[in-house]
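Residue numbers (our numbering), protein chains in the order written: chain C, 1 to 292; chain L, 1 to 175.
Source of the hints: derived by calculation from the structure; they are not laboratory data. Watch out, some of these pointers could steer you wrong.
Derived pair list, reagent style EDC-like, types lysine to aspartate or glutamate, alpha-carbon separation capped at 16 angstroms [claimed, not checked]:
1) C/Lys78 with C/Glu140
2) C/Lys89 with C/Glu100
3) L/Lys159 with L/Glu26
4) C/Lys33 with L/Asp128
5) C/Lys8 with L/Glu155
6) C/Lys254 with C/Asp228
Calculated Cβ distances over 12 angstroms to all of chain C for the following chain L residues [as the list claims (entries may be wrong)]:
7) Arg30
8) Leu48
9) His55
10) Ser63
11) Leu70
12) Lys104
13) Ser109
14) Ala112
15) Phe131
16) Phe135
17) Ala143
18) Glu162
19) Ala167
20) Leu170
21) Lys174
To be clear about the criterion: a stretch of chain C counts as covered by chain L if any three or more of its residues have a C-beta under 8 angstroms from a C-beta of chain L, and this derived list gives those stretches [to be verified]:
22) 12 to 22
23) 30 to 37
24) 214 to 220
Every residue, glycine too, gets a C-beta built ideally from N, C-alpha and C.
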Amino acid sequence: MLKNLAAKAIVPVGLTVTGFVIVCSILLYSYVKQDLVADSIQREVLLGDIIVKATRFSMLTDQRESLRQTINDIGEQKGVEHVRIFNKKGVIMFSSNDEEVNQLVDMSAPGCIECHSGPVTAVHLGPMDQARNFVNAQGEPVLAITTPIYNEPNCSNGGCHFHAPDEKILGTLDIGMSQAPLLKSLATLRVRLVIFCLMVLVLTVGGVIALLQRNVLLPVRQLVYFADQVSRGNLEINEPEGTEELVSLAGNFKRLARRNLEADDSLRDLQDKLDTLTRQIREREIGHKSGN
Amino acid sequence: MGFLRNVRRPPDTPNRAETAAAPGRERIRRLHRLAYRGLWGMAAFLALSLVAFNHGWLLPPISDGARAVLGKAPPTNLISIALVVYSFSALVLILSRMSTGQGKYKGWSHLAYLGAFYVFYHYGNALDANFWAVFAAGLTIMALEHYQMWTFCTEAIRKEEERLAQAERLEKFKS
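Bound conformation, chain L alone (with noise of 0.2 angstroms):
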């Protein structure tokens, strides 16, 4: 029996079943992995805020020379109606696209437009006055998205499962 002593063990071959259900799970993992972008859009934009909130200290003072290539700031009304046009938009675009379902995260492409106004009223000497707006319609719009996103994969890892399982079904009756 000393032969055995150099004999290995061939290595554990998945069965057909699980072969199967390798790109299912992989969707699943990555539907996972979809539904917490909208967390990290959140924590993206709440380090920014930090950012626009301490702009005092850490952000430099526009020199007059920047001031007199960019031009003269826009009146802070006017800032301010922007944001009001471009929350209400986010806010019926992201409701639209949770209604039809779609999975798509945009929260990336509101995060440049909320950084966008903030340099807007910091360039117009007006951030502190208007720095809560812009964060109340930044923090409205990105838990939006996450919840828009959350729902869209979680429907969508309950039907996988769901798949699945009735894969896994079919393949023992089969056996």
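This is chain C alone, in the form it adopts within the complex (with noise of 0.2 angstroms):
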């Protein structure tokens, strides 16, 4: 297992560069989510206000007819989970749901906590604090933000019903929107982050066999065969291209294997003329006995 030379480079080089992409990748996901969805509810923040300012006449003189045609109308678009108004005590007084008005909310439940935790009823609150997440009865994500109705100078003065001028909150305006969408787009991001990691992967890893196969493999394939033939005494095969290593690596081995064969050559004639010399010696002897 992993004996080979593609093999050790690929492994660690393949590694490193997708577990890093995938730490990115996710982090880059994170930031995202946390920036689309700080950007969806400082839209749906601006999206209370408007609705009080747009119902401030209203309120202002008691057009109740107005104001519950206005905030079922709101609630009808695509998108807006619910609608209410509630007074300070919590009872709702307008709904684009009608069978929740004059019903008592939960000064616990989340969305209401958020001022409600302390002896003394918070009176603002950051755009943040004021977000709720939740899942409603069809199983949407709704993100839903209360904006407090405040009391303004108009209406402590209003000729038709009276607030206490040292009232500071009137009621609360609740708006529910459906996450789908965002989570939608979420989910797109996620698969494009999942194929550009596959996309760094294949990369990375092809890159790297590309290179190691023009640059080391192919060549030391080369220099085997040449090593190869040189060893079998073929010294006219000329020496791989490749890097200047493996250049230098077989010309190296081609003058090692030449002064080797030379060598060789000598030794066989020093071999012949030992033998001739043997023989020139055992004939005088021959001689030299037949001469007795």
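Hey, can you piece these two chains together into the complex? The hints should help.
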């Protein structure tokens, strides 16, 4: 396992690059999600303020039917899960869902507890604290915002209905928007990031394989063939082309083989001379014996 | 021949070759143990991640008193930047150790760093959103540490076995 050069080079590079890209992608996804959620909260807070401003005149002049109709119309908009206005006691006065009207809201429920957790009710909250996430009865994720309706001089001085000037909050607007489009965008982003990670993995592994094949594996294979031929005595073969180190190694190998071959030749010559001399000595010895 | 019943054979004494090879065999055993140290590190990291994944019911919530003592949690974005910088430097250091052929295992210190990231995210109430980032970083780092150690030990074992075989051949030749 993992004994060849390609595997030894690919495993650490592939693991490092892919792992790091996955970490960065997860964090990038986390950042984008955080930004998109913060952005939708800001938009919803703005929408809440717009509704409060748009219904201000109806409230000031106590036009309840007009207010009810406005709330119903907004509630029918695509993506709006609920719109309701409740008074400071927590009784729902107006709602896009008629069944909720005159119902009492639990002060310890999410969306209420943020202001009503302490002994003194909080009057001002940051936009992020006004938001709450939940899943509705249809299983759809919802992001809801509660916007306080503050007392104004016109409210306490109005002739039609009276609010004491020391009352800071007269009621609360609660609007919930479906999170389905946001979650759909995040799911698309997730798929794109997974594809990106796979592409990085393929490119990294492919790039390393291609470079190794071209610069290392092919020249090494040629060098093995060259060494095989030279060791069989074929010195006519050309050195393989490739990286400088491999060419130098092939040249050295060829020189070594040539010297070895020359040494063999000279040894053979010496052996021949020795054989000739031995033969001559024997012939002389035989001639000497026959002469005697 | 009855006296032979009471005579016992002397214990087998190891010959010279075996005595000489014993330290080499011990080194090989030690290298085998070292090669699997990375797997233990990965198992420990997986156990730590399992605790972090189920932190909702495995870890007690941090009380307001503890928060008052420890102070405000660092911003999540800052922890994430630190995680990226840490992962990058850890990977570069492992690769440099791999290229210089050092046989040091640093998985235990990485385990402590990764545990600290889980703790920081948990303290900042952001572990749910960032668990997979720490997990992926940890898995990559621990896997690369294991691979580095495993390749180093495999190479060292091969060299040690070659040395043993050479010593055995020499001993046979001498005898």
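To see whether the hints hold, each was checked on the structure:
no.	hint	verdict
1	C/Lys78 with C/Glu140	holds (13 angstroms)
2	C/Lys89 with C/Glu100	holds (15 angstroms)
3	L/Lys159 with L/Glu26	holds (14 angstroms)
4	C/Lys33 with L/Asp128	holds (13 angstroms)
5	C/Lys8 with L/Glu155	holds (12 angstroms)
6	C/Lys254 with C/Asp228	holds (11 angstroms)
7	Arg30	holds (22 angstroms)
8	Leu48	holds (17 angstroms)
9	His55	holds (17 angstroms)
10	Ser63	holds (16 angstroms)
11	Leu70	holds (22 angstroms)
12	Lys104	holds (16 angstroms)
13	Ser109	holds (18 angstroms)
14	Ala112	holds (18 angstroms)
15	Phe131	violated (9 angstroms)
16	Phe135	violated (9 angstroms)
17	Ala143	violated (6 angstroms)
18	Glu162	holds (15 angstroms)
19	Ala167	holds (25 angstroms)
20	Leu170	holds (27 angstroms)
21	Lys174	holds (31 angstroms)
22	12 to 22	holds (count 7)
23	30 to 37	holds (count 4)
24	214 to 220	violated (count 0)
Checked against the numbered hints given earlier, this structure breaks hints 15, 16, 17 and 24; the rest are met.
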